[in-house]
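Line by line, the protein sequences are chains Z and F. Take the first sequence: its position 31, counting from 1, is numbered 31 in my numbering, and each next residue is one higher. Take the second sequence: its position 24, counting from 1, is numbered 1024 in my numbering, and each next residue is one higher.
I should point out that these hints are in silico values taken from the structure, not numbers from a laboratory. Each residue gets a CB set at the ideal place from its N, CA and C atoms; glycine is no exception. Please note that a few of the clues may not be correct.
[What the hints assert, rightly or not] Covered by chain Z, according to a simulated footprint, are these stretches of chain F (three or more residues, beta-carbon under 8 angstroms):
hint, stretch
1, 1099 to 1113
2, 1224 to 1235
3, 1254 to 1267
4, 1270 to 1282
[What the hints assert, rightly or not] Chain Z stretches covered by chain F per the calculated footprint, using a threshold of three residues with CB under 8 angstroms from any CB of chain F:
hint, stretch
5, 108 to 118
6, 136 to 149
7, 180 to 186
8, 239 to 251
9, 257 to 264
10, 268 to 276
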Amino acid sequence: MALLEIENLKVYFFTRKGPAKAVDGISFKVAGNETFGLIGESGCGKTTVAMAIMRFVKPPGRIVDGRVSFDGSDLVALNAEGIRGLRGKAISIIRQEAQNALNPVMSIGKQITEIILEHEKVSKDTAWARAKRQLSLVGISEQRVKDYPHEFSGGMKQRAMVAIATACQPRFLILDEPTTGLDVIVQRQLLESINELKTKLHLTSLLISHDLSVIAETCDRVAVMYAGKIVEEAQTVSLYKNPLHPYSKALIGAFPSLKGTKRKLKSIPGAPPLLIDPPAGCRFQPRCNYATQICTSVDPEIRERDGHRVACHLVE
Amino acid sequence: MQNDDLLRIEHLKKYFPVRKGFLSSAGAGKKSDYVRAVDDISFTLKKREILGFVGESGCGKSTMSRTILRLIEPTGGRIIFKGTEVIGLSKRQFKPLRGKMQMIFQDPFGSLNPRRTVADTMRQTIRIHRLASNREEEASLIHRALEEVELKPAEQYWDKYPALLSGGQLQRVSIGRVLVLQPSFVIADEPISMLDVSVRIGILDLLLRMRDKFGISFIYITHDLVTARYICDRIAIMYLGKIVEIGPAENIVHQPQHPYTQALIAAVPDPDPTVEASQLPIKGYVPMTTAQDLQSCRFFPRCPYAENGCRAELPTMTEVGEGHFVACTKIASQTV
């Protein structure tokens, strides 16, 4: 059974120029213990999906339609108190450039115990002992529990964020561009400790990234987003080896590798559309090499094909 | 100096003083120590060559590029551009050279004036360097540059303000602005790291075309070995202010010699989901400062192969293949 199930989720931002359809009717399921990847360019709505799951969407944004079922209950329908009980406890998020999310005037240990004491009836001593264990779990020495964020390097701050997010042993962890802004070696070290934690804590996670290679190394299934919609979803290996949607194909074709002989890459012409005024029909159609008459008028439905879910008129 | 050498850098150094003590931020206190951001770097850039500098944040690659263009003054060393020593030239003497050595910045949103249209931005460059003698000439220069960076038709972009353009288009304007000057070499400092994945390759291909068509040399500064391999002829790997390895791009990628280069390559994730991630051969983090005068290999505290000898002496460059140099004491002792 799926732990998280998103059905026809729509999040619009109501601006003076009209609604920007940041997430426009997407559906996907994440099974227990699975790592699900959401890939797309900036502005495609992938972070908004994460915000909607956590119910962090603020005006002028609003969840206008859809369901987010987590373990059977609908998060969209929960009241404020209900969602607070889940945040940090059952579902946690590590946000983009999380380093800046740490409180600079509070020690790391204090920030970990804060979340434990909020959700669980334990003594302060127990909470501090657990804070130390969390730190060593992410590879930081327990002795640094009283240190402040400025005493940590960028990679360590990011690890501290992981320690905070997993302090209450959540079942579901959202990682929104967890490695953006980190150097490759630090990125690798962080991904390794996240992978370790996932096995230890039996975590189910949603990883959001624009980096195809980070997704390739960590995810079981992946969905490709473009301009507020999912254009293709499949098992990671199948999607990378046999992409069906022209956008997935183009993205993979535009991504360089260190391995093998050097190959010529092809960029995708044009730029992603503005979400206030998306093109008619298929949203990728103005940049698509294969677009035909029907693509410019009818928005393609998502359909099953060779184990992929794909939204394209040209896929038979 | 060989004929096709465009730029020669010798023992370039840039030290920033670290002031300690009371009122240190106000400039008081003793200059007790230095951060050696660029420490004794030498290389040559050939005509029509793209040389990549790859390293983690804080390794000094951006400081190096700013020093080469004299945006900041070096602490020591020589910068020889087309046979002319650049350091020590007065502002007036330097100005004609400035147009020939240009830079493309990382942030296209921040490096263009939001209150100037595309044409205004380019017009400013043309006027400062007195490239045109009348309005028509000016317009045709702008027109040609815009078409060259594939902002076609040029009229459509002429009166646009930066807010109306995408990141990729803005970066093309930055490249176009540099192009009107017909530079000999351009330093591109992380030119694509803030752009969308789908447009990055387009910008890199544009740089390659500038090289092929106009013979412009590039110094490509990046933290991303993968894109460096894509456009560079040679790659230099930097660690804490020093070049640890330099050589032909394919050699660096396929036969890395320095333990740090090997670690960098092992850390790069592969876009093939069937490939198992390789083990990272090093532990720990880049040390925060390099304030002490280390007479030893900078990488030795993290190096899996380090021996006592590495602590005792400063590694020098050893040639391990054609044009492929490594600064590692252990490799040097093996090749002798």
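A quick look at each hint next to the structure:
1. 1099 to 1113: violated (count 0)
2. 1224 to 1235: holds (count 6)
3. 1254 to 1267: holds (count 5)
4. 1270 to 1282: As far as the stretch 1270 to 1282 of chain F goes, the hint holds, because 9 residues have Cβ atoms under 8 angstroms from chain Z.
5. 108 to 118: It is violated, with 0 qualifying residues against the three required.
6. 136 to 149: Our answer is that it is violated, as 0 residues pass the Cβ test (under 8 angstroms) against chain F, missing three.
7. 180 to 186: holds (count 4)
8. 239 to 251: That given contact holds, which follows from 4 residues of the stretch 239 to 251 of chain Z lying within Cβ reach (below 8 angstroms) of chain F.
9. 257 to 264: That given contact holds, which follows from 4 residues of the stretch 257 to 264 of chain Z lying within Cβ reach (below 8 angstroms) of chain F.
10. 268 to 276: Coverage by chain F holds here, the residue count being 4 at a Cβ distance below 8 angstroms.
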